[in-house]
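K.L.:
Dock chain B against chain A, hints included.
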Amino acid sequence: MTDLVDTFLLPSLVGAISWLANHIWESRGDSNTVIQILQTLINPGSISTDANSMLSTILNITAKPLEHSLRWLQRNEPTRQDVEPLSKVLKPHLSFSRTAAADHTELESWSNSHGGGIAGSIRHTIQSLTQWSLSTGMNIMPTSYTHRQILTGVRVLGAKRLLSAIIEEVKAQTANGSGAIVIDVATAIICAPDADSIPLTNSTHLMNMLGETSSTPQPLQRRLTLRDALRTEAENAPKTHKTDVLQAETVIRLFRRVEALMAVAIPQAGMLDHGLGALEGVDAGMEVGVGVGLGDGVLSGAHEIDDAIAAAADQEMMDALAAGEGMMVGDEDLLGDMKLEF
Amino acid sequence: MFLKTLCSHLARQPSSLDVILLFDKPTTILGPICELLDGWRYEEDQGEYQPVYEEFGSILLLILAFVNRYNLSTVDLGLHNQNSFIGRLLVRGANSYSMDELSEQEKNHLDGWIRGLFNSAEGGGLGDEPMSNCPPQDFYLLVPTLFHQVVLACSTGHLSDEALKGGLECESFDLFNIIAFTYYDRSC
Chain A
1 MTDLVDTFLL PSLVGAISWL ANHIWESRGD SNTVIQILQT LINPGSISTD ANSMLSTILN
61 ITAKPLEHSL RWLQRNEPTR QDVEPLSKVL KPHLSFSRTA AADHTELESW SNSHGGGIAG
121 SIRHTIQSLT QWSLSTGMNI MPTSYTHRQI LTGVRVLGAK RLLSAIIEEV KAQTANGSGA
181 IVIDVATAII CAPDADSIPL TNSTHLMNML GETSSTPQPL QRRLTLRDAL RTEAENAPKT
241 HKTDVLQAET VIRLFRRVEA LMAVAIPQAG MLDHGLGALE GVDAGMEVGV GVGLGDGVLS
301 GAHEIDDAIA AAADQEMMDA LAAGEGMMVG DEDLLGDMKL EF
Chain B
1001 MFLKTLCSHL ARQPSSLDVI LLFDKPTTIL GPICELLDGW RYEEDQGEYQ PVYEEFGSIL
1061 LLILAFVNRY NLSTVDLGLH NQNSFIGRLL VRGANSYSMD ELSEQEKNHL DGWIRGLFNS
1121 AEGGGLGDEP MSNCPPQDFY LLVPTLFHQV VLACSTGHLS DEALKGGLEC ESFDLFNIIA
1181 FTYYDRSC
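So the sequence lines, in the order shown, correspond to chains A and B.
Just so we're aligned: 197 in my numbering is position 197 of the first sequence, and the numbers increase by one with no gaps anywhere.
Add 1000 to a position in the second sequence, counting from 1, and you land on the number used in my numbering.
Mixed in with the good hints, there may be bad ones.
A few chain B residues that face chain A, going by a derived Cβ cut-off under 8 angstroms, partial list only [to be verified]:
hint, residue
1, 1012
2, 1050
3, 1069
4, 1144
Once the Cα atoms are required to be at most 25 angstroms apart in a straight line, the calculated SDA-like pairs of lysine to any residue come out as [unchecked claim]:
hint, chain 1, residue 1, chain 2, residue 2
5, B, 1025, A, 102
6, B, 1004, A, 97
7, B, 1025, B, 1039
8, A, 171, A, 151
9, B, 1004, A, 51
10, A, 171, A, 191
11, B, 1004, A, 49
12, B, 1025, B, 1069
13, A, 88, A, 71
14, B, 1004, A, 42
15, B, 1004, B, 1028
16, B, 1025, A, 223
17, A, 171, A, 116
18, A, 64, B, 1088
19, A, 171, A, 111
20, A, 88, B, 1015
21, A, 171, A, 136
22, A, 64, B, 1007
23, A, 91, B, 1013
24, A, 64, B, 1096
25, A, 88, B, 1013
26, A, 88, A, 77
27, B, 1004, B, 1026
28, A, 64, B, 1017
29, B, 1107, B, 1052
30, A, 64, B, 1073
31, A, 64, B, 1090
Now the stretches of chain B that chain A is said to cover, found in silico as 3 or more residues with beta-carbon under 8 angstroms [claimed, not checked]:
hint, segment
32, 1054-1067
33, 1092-1101
34, 1146-1152
If you're looking for bench data, these hints aren't it; they were derived computationally from the structure.
A virtual CB, placed ideally from N, CA and C, is assigned to each residue, including glycine.
Same shape as in the complex, but just chain A (with noise of 0.2 angstroms):
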């Protein structure tokens, strides 16, 4: 057996490491066996150095599951002494896996937090963010921040209700005198790339392995993102204007400020033609009064081609909003104030 642990039959060691890990669980009352194996696997009595580092990947890669089976077995089992040696050899690969699902101990935290939930727990975030910037002092503990947080947010509550607890947030904090900073945290959180976000761009391998020969495959349908939430929000701000100024302003800030800052972030082809196209389409917008314009701080300056990117990459929006109420976005200062001009 001790040929398991030489290089070239070691990463089989992935496949019995984690079926031992499941067979925890289903061996009640009969752990040694599995225990004692485990032991031998996992800390070899002499060893390569090539094996040795070989057998540090495998542990990274098994290291999670087996420590929740071995975790399980402790609590059922709490006079066991073998079990802890174990998971402290398992301790420095635990962090291997970069993927966006929550720990169960940060998704109970963040749960149980008394104001309100997930939605609660993000807002605080974005708060104690905003409180961080606006400290003058150097030797101030940075804000404890994890993206898995709000890819969580939007997971449990959906894009839409997590973008109304953010654009909450940012009205509080407005009202507090720091609207500048909560709309860049705002923003930075809306624009954060998602794996989940990046349509598929070959969606013929998955058909391909449900064994549809369809000629014309279809689009695999993805969740909405936060930003594509802003958006629909934007298309309704003139009819909550109506009923509420305050909401609709922050939307369309913070809509104005995602778009700009996505658009320089991801040049596509042929997009500067649309710009320019769009450009046009903006100043003949204005003369009439009707349709969005740009504000003049906007279209003088480096700045404009930038916006027009932005406008042009939502067309959409813009035609919508023309088509709609006429309204029309005056920029009086570029990054900070701007208000809805009906």
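P.N.:
For chain B alone, coordinates are given in the frame of chain A:
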């Protein structure tokens, strides 16, 4: 540099996987090496098997490291066919099978491995035989079943704690008999 060396070096450094994925999609990087493993065959005049297993294992370990670090699915890897080796390994790789579920060929392979691994006291180390009969793909798919047999042999009380503590290299011949007994018994 051999592909084996390259793969071992990369798998050893988790951050190198992050860097690679900054530049391209998992499909582009892993697609070709998954195909390589799927289509891996022995040469007609294959002389040595251990180096083949070693190379195969190093490449596989890199794929598994990628898959596990980023929670990749078969779609992410760009696998066209879910019945390919990597597809089966990712979906059912941690499942063990009872004797009824194994084909004749798989039973032979399992038998070969158990003999090879636990009978080594006689010949001193694992011979080429199990490897020459069983291509690496089949071996990796059988690993959980193999361990299931080991656990069964030990937990039915045929194997002493002392023996296990000896690093499973215990009285190899006895262990082989016990396992063989258990598993033939189950197959009846």
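K.L.:
Does each hint hold? Answer for all of them.
P.N.:
To see whether the hints hold, each was checked on the structure:
Hint status for residue 1012(B): holds, given a least beta-carbon distance of 5 angstroms to chain A, under 8 angstroms. For residue 1050(B), the shortest C-beta to C-beta distance to chain A is roughly 5 angstroms, which falls under 8 angstroms, so the interface hint holds. Interface hint at residue 1069(B): satisfied, since its Cβ lies 5 angstroms from the closest Cβ of chain A, which is below the 8 angstroms cut-off. The criterion of a C-beta within 8 angstroms of any C-beta in chain A is met by residue 1144(B), whose closest approach is roughly 4 angstroms, and the hint holds.
Proximity of residue 1025(B) to residue 102(A) is assessed by CA-CA distance (about 23 angstroms); at most 25 angstroms being required, the pair is judged to hold. Proposed proximity of residue 1004(B) and residue 97(A) is supported: the alpha carbons are some 23 angstroms apart, at most 25 angstroms. Taken as a hint, the residue 1025(B) and residue 1039(B) pair is honoured in the structure, with Cα atoms around 22 angstroms apart against an allowance of 25 angstroms. Of the supplied pair hints, the one linking residue 171(A) and residue 151(A) holds, its CA atoms being roughly 22 angstroms apart against a limit of 25 angstroms.
For the given pair, residue 1004(B) sits about 14 angstroms from residue 51(A) by alpha-carbon distance, which is consistent with the 25 angstroms threshold. Among the hinted pairs, residue 171(A) with residue 191(A) is consistent with the structure: their alpha-carbon atoms are about 19 angstroms apart, no more than 25 angstroms. With a CA separation close to 16 angstroms, the supplied pair residue 1004(B) and residue 49(A) stays within the 25 angstroms bound. Of the supplied pair hints, the one linking residue 1025(B) and residue 1069(B) holds, its CA atoms being roughly 14 angstroms apart against a limit of 25 angstroms.
Simply put, residue 88(A) and residue 71(A) have alpha-carbon atoms about 12 angstroms apart, close enough for the 25 angstroms limit, and the pair holds. Only pairs whose Cα atoms come within 25 angstroms are accepted, and residue 1004(B) paired with residue 42(A) is accepted, the gap being roughly 23 angstroms. The hinted pair formed by residue 1004(B) and residue 1028(B) meets the criterion: a straight-line CA distance of about 19 angstroms does not exceed 25 angstroms. A C-alpha spacing of about 20 angstroms is found between residue 1025(B) and residue 223(A), which places the hinted pair at or below 25 angstroms, so the restraint holds.
Only pairs whose Cα atoms come within 25 angstroms are accepted, and residue 171(A) paired with residue 116(A) is accepted, the gap being roughly 17 angstroms. Simply put, residue 64(A) and residue 1088(B) have alpha-carbon atoms about 22 angstroms apart, close enough for the 25 angstroms limit, and the pair holds. Proposed proximity of residue 171(A) and residue 111(A) is supported: the alpha carbons are some 23 angstroms apart, at most 25 angstroms. Restraint check: the Cα-Cα separation between residue 88(A) and residue 1015(B) comes to about 23 angstroms, which is no more than 25 angstroms; the hinted pair holds.
For a cut-off of 25 angstroms, the pair hint linking residue 171(A) to residue 136(A) stands: about 23 angstroms separates their Cα positions. About 23 angstroms separates the Cα atoms of residue 64(A) and residue 1007(B), which keeps this hinted pair within 25 angstroms; it holds. Distance restraint check for residue 91(A) and residue 1013(B): the Cα-Cα separation of roughly 17 angstroms lies within the 25 angstroms cut-off, and the hinted pair is therefore satisfied. With a C-alpha separation of about 20 angstroms, the suggested pair residue 64(A) and residue 1096(B) falls inside the 25 angstroms cut-off, and the hint holds.
For the given pair, residue 88(A) sits about 21 angstroms from residue 1013(B) by alpha-carbon distance, which is consistent with the 25 angstroms threshold. Proposed proximity of residue 88(A) and residue 77(A) is supported: the alpha carbons are some 18 angstroms apart, at most 25 angstroms. Distance check on the hinted pair: residue 1004(B) and residue 1026(B) sit about 19 angstroms apart at the alpha-carbon level, within 25 angstroms; holds. Our distance criterion of 25 angstroms between C-alpha atoms is met by residue 64(A) and residue 1017(B), whose separation comes to about 19 angstroms.
For the given pair, residue 1107(B) sits about 22 angstroms from residue 1052(B) by alpha-carbon distance, which is consistent with the 25 angstroms threshold. At most 25 angstroms may separate the alpha-carbon atoms for a hinted pair to count; residue 64(A) and residue 1073(B) meet this at roughly 18 angstroms. Only pairs whose Cα atoms come within 25 angstroms are accepted, and residue 64(A) paired with residue 1090(B) is accepted, the gap being roughly 17 angstroms. With 7 residues having a Cβ less than 8 angstroms from any Cβ of chain A, the segment 1054-1067 of chain B passes the three-residue criterion, so the hint holds.
Under a criterion of three residues with beta carbons nearer than 8 angstroms to beta carbons of chain A, the stated coverage of the segment 1092-1101 of chain B is upheld, 4 such residues being counted. Check result for the segment 1146-1152 of chain B against chain A: holds, 5 residues qualifying (beta carbon to beta carbon below 8 angstroms, three or more required).
The earlier numbered hints are all upheld by this structure, with none contradicted.
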